[in-house]
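Undergrad: Make a model of the complete structure from these sequences and hints.
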Amino acid sequence: MKIIAKVMFVFVFLFSLACFAAEENSISPEYMDWTELPDLPDSLGRAGMFSGVHNDALILAGGANFPKPIWESDKQWHKDIYVLTKDPESESGFQWHNGFELSRPLAYGASVSTEHGVVCMGGNDSKTAYSDVFLLSWNPQSNSIEKQELPSLPSRCVYGDAAKIGSKIYVAGGTTGSGLETAMNNFWCLDLSQVDEPENLSWQKLPPWPGMPRAFNITASQHNGRTNCIYVMSGRCSGEDGKAKFLKDVYEFNPLVYDPAQYNSETQNYNGPIDPWRKRKSLPNCIMAGTAIGVGQSHIFAFGGADGTYWGRENELKDEHPGFPERMYVYHTITDTWVESGSLPANQVTTNAVRWGDDPVNDPIIIPSGEVRPRVRSPKIYSGTPVQLKKAIGWIDLSTIVIYLGLILGVGVFFSFRNKNSNDYFRGGQRVPWFVAGLSIFATMLSSITFIAIPAKAFMTDWVYFWVNMCAVVLAPLVIIFFLPFFRKIDATSAYEYLEKRFNRFVRLFASASFIFFQIGRMAVVMYLPALALAAITPLSQIQCIMAIGVLSLIYCTMGGLEAVVWTDAIQTFILLGGAFLSFTLIINGIEGGFGGFIETASADNKFHLVNWDFSSVSFATTALWVVVLGGLGQQLVPYSSDMAVVQRYMSVSSMKFAKKSIWTNSITIIPASILFFGVGTALFVFYKDNPAQLDPTFKNDAVFPLFIARELPVGIAGLVVAGVFAAAQSTVSTSMNSTATAFVTDFIRPFNLLKGEKAFLRLGRIMTFTFGLLGVVLALMFATSDIKSLWDMFMTILGLMGGVMCGLFCLGIFTTRANGGGAVIGAVLGASGLYWVQKATDVHLLLYGTIGIVLCVVIGYAASLFMPKTPEKTEGLTIHTLNSKNTWYKN
1 MKIIAKVMFV FVFLFSLACF AAEENSISPE YMDWTELPDL PDSLGRAGMF
51 SGVHNDALIL AGGANFPKPI WESDKQWHKD IYVLTKDPES ESGFQWHNGF
101 ELSRPLAYGA SVSTEHGVVC MGGNDSKTAY SDVFLLSWNP QSNSIEKQEL
151 PSLPSRCVYG DAAKIGSKIY VAGGTTGSGL ETAMNNFWCL DLSQVDEPEN
201 LSWQKLPPWP GMPRAFNITA SQHNGRTNCI YVMSGRCSGE DGKAKFLKDV
251 YEFNPLVYDP AQYNSETQNY NGPIDPWRKR KSLPNCIMAG TAIGVGQSHI
301 FAFGGADGTY WGRENELKDE HPGFPERMYV YHTITDTWVE SGSLPANQVT
351 TNAVRWGDDP VNDPIIIPSG EVRPRVRSPK IYSGTPVQLK KAIGWIDLST
401 IVIYLGLILG VGVFFSFRNK NSNDYFRGGQ RVPWFVAGLS IFATMLSSIT
451 FIAIPAKAFM TDWVYFWVNM CAVVLAPLVI IFFLPFFRKI DATSAYEYLE
501 KRFNRFVRLF ASASFIFFQI GRMAVVMYLP ALALAAITPL SQIQCIMAIG
551 VLSLIYCTMG GLEAVVWTDA IQTFILLGGA FLSFTLIING IEGGFGGFIE
601 TASADNKFHL VNWDFSSVSF ATTALWVVVL GGLGQQLVPY SSDMAVVQRY
651 MSVSSMKFAK KSIWTNSITI IPASILFFGV GTALFVFYKD NPAQLDPTFK
701 NDAVFPLFIA RELPVGIAGL VVAGVFAAAQ STVSTSMNST ATAFVTDFIR
751 PFNLLKGEKA FLRLGRIMTF TFGLLGVVLA LMFATSDIKS LWDMFMTILG
801 LMGGVMCGLF CLGIFTTRAN GGGAVIGAVL GASGLYWVQK ATDVHLLLYG
851 TIGIVLCVVI GYAASLFMPK TPEKTEGLTI HTLNSKNTWY KN
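Residue numbers (our numbering): 1 to 892.
A couple of the hints might just be wrong.
Simulated restraints on C-beta separations [as the list claims (entries may be wrong)]:
(1) Ile274 to Glu876: 49 to 57 Å
(2) Ser193 to Lys75: 33 to 41 Å
(3) Ser103 to Glu199: 16 to 24 Å
Simulated from the structure, these hints should not be mistaken for laboratory data.
Cβ atoms here follow ideal geometry from the backbone N, Cα and C, with glycine treated the same way.
TA: Written out as structure tokens, the structure is:
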């Protein structure tokens, strides 16, 4: 207890020092860094070109312009195709290829880049509009353009726009003729998954957006925190008086809730329970004929466009026309906010923004040619890369983190001298105080998944996942009654010793190996998450931060054993909760209207939504209440009944009484902690809705809390909160390192008498702690290079596949007398295989994976056991049905 008191003193001291040194950070967003590529070979430039990227080549086709003198000439349409490739040997680094042509002059159609090539749709020439659709692909071996015909659009279409989600292309807006009176509210979809079999391709008519028909609109795709959506915005149409009407409205189409069976394309009536369209916040100004593209995981950058200021004065102003506003608008899909930025080198309308590469942050966005003012085109081709706001760290921040790290290392060194044998190293000599064991369970199970991923989930969605955490509270008495006694009865060092006594050694080894693999993956996830925060506030990269976290955990965990781990967990719990509470207070302070404004805005956006009352036939794929509760119970039952990392805490205290208290300590702590962390996520949503310019498009959604820590917290306090992030990660990483080593030595070495003497087992325990920790670090480095929408989702998938089967084995042994070793093995193998099939072949929500894994293992294992001989000697005192008065569970 004295150790915790000292840590709290240090925490309060650092908080006071941080407040004294605090200063405000202001951010002026500059979203793009622009450079120029070689000019278009046509020096006049062109508007309305088909454009896209395929096989690392920029393809530009068709287009229209006015020959000089532009005010005395008629518009001309073209059929040339230009291709720009990278050429390191040339002065510019690029090379133009020409000599290719379309089948006819064509311009002002829609185009989308795909893995198969650039899909070109519709367009017109000087006489008529077309419905043709074709694919242009670049063959780098022959340096040639290849063309493939695709199914035509449902009608002629010009001045529309398109975007794609996965293999599906969506076309919105446009006209069937040359006048705005022919503008449409069309919304069509083509699935290219069978592009190699064109006869199976066809356009589908989807429900139109609930707004005006339009042309010169912008269409883009982006993730909205829940799923990828299509956004249709701006444009112009013909008003009731026949004059042009300039539009600023924005609409979002959610493919996830769209049910094709509920739509009648003839009447345009949709009868589904949820409208797939919803209106979003309108643009500050009309940006008709502009272009947009998704950036990062939840932003859309809209470039240029015309606002109609000088509409109808083209012939009056002619060369005196100032051109279109050089404005850029940034839309955030989660907070539904717009930010204006004047960071365009030029405003080129009737062109497409295309990404040269697949990385939504680091690969450049190309804006090729286009119209800069009436009748005037530009041959300029601009390349822009999103800019990450600069990092900053003060000496107060750094000092806070260093003091914390030194403290944790000191704890590891202190307890290293108390490890005399393997029982000390793996179970803390069973002298750990019950409240420390309880806080250790809490810190182990929540860790950086809580500190970063849960606020991110609440920021992106709502409080529906809150019930998942509450399921742990509900399960506490069940764990105490049905699971805890068995571990205490056999005086287990490894949880899987029970499985050998109840079934056979193979079952024990199977479960132990599954646990080890799972914990290595878990270590990787919880090291990667805090690396986001540290990379945001220090000069270190994510990879360097992962290395720092991993090495520190390796040192103190390898030296100090379980006793060092649980005491540092207890210390880290106070730092974790203190940092979170401090952050919540500062976030609320930065919200307009304070706490009242927070409640009002969050309520208006339905961010406190707790329950989805959905019992439809497809609710298994959603976060319906029954899915969340049933999935949450399975997810929480897995660690508390079969996870070696938790069972170690049950066995680290001196009696059954204290083991019960440790479980209740954890459960009670979960309630306020869950409210706090979900509250942080919701507060972040409100804060960034009030301050959208402070969002960084280059950050992943899981990094929204680290973003706030790095950019908004005053100097000094940021270091204090980052220490909490460190604590969150290390509490789980250190536990996983120690528990995997414990499982390996206890289950794979000791039963076979491969070593002699306690010192040999102690030495091997330290070696395996280091080895498994190192594997976790390597896997975390792999995570840092991937684009993962949510690490929470990934973690749930891993937990369901590997954890569900382990829990199923314990349930099979404890709750049945007929199950035997052979049936258990069959249940585990087929249960894991069945769950893998569910994950790959169905739309079942990932929350249900853990529960499905448990049920499959139990049902299949029990059924298989019915065909095998009974083994009564394996059940006596090892199931809830074979207890007798001679058992002394509650005295152990």
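Undergrad: Would you mind marking each hint as holding or not holding in the structure?
TA: Tested hints:
no., hint, verdict
1, Ile274 to Glu876: 49 to 57 Å, "holds, 55 Å"
2, Ser193 to Lys75: 33 to 41 Å, "holds, 38 Å"
3, Ser103 to Glu199: 16 to 24 Å, "holds, 21 Å"
Hint compliance for this structure: every hint is met.
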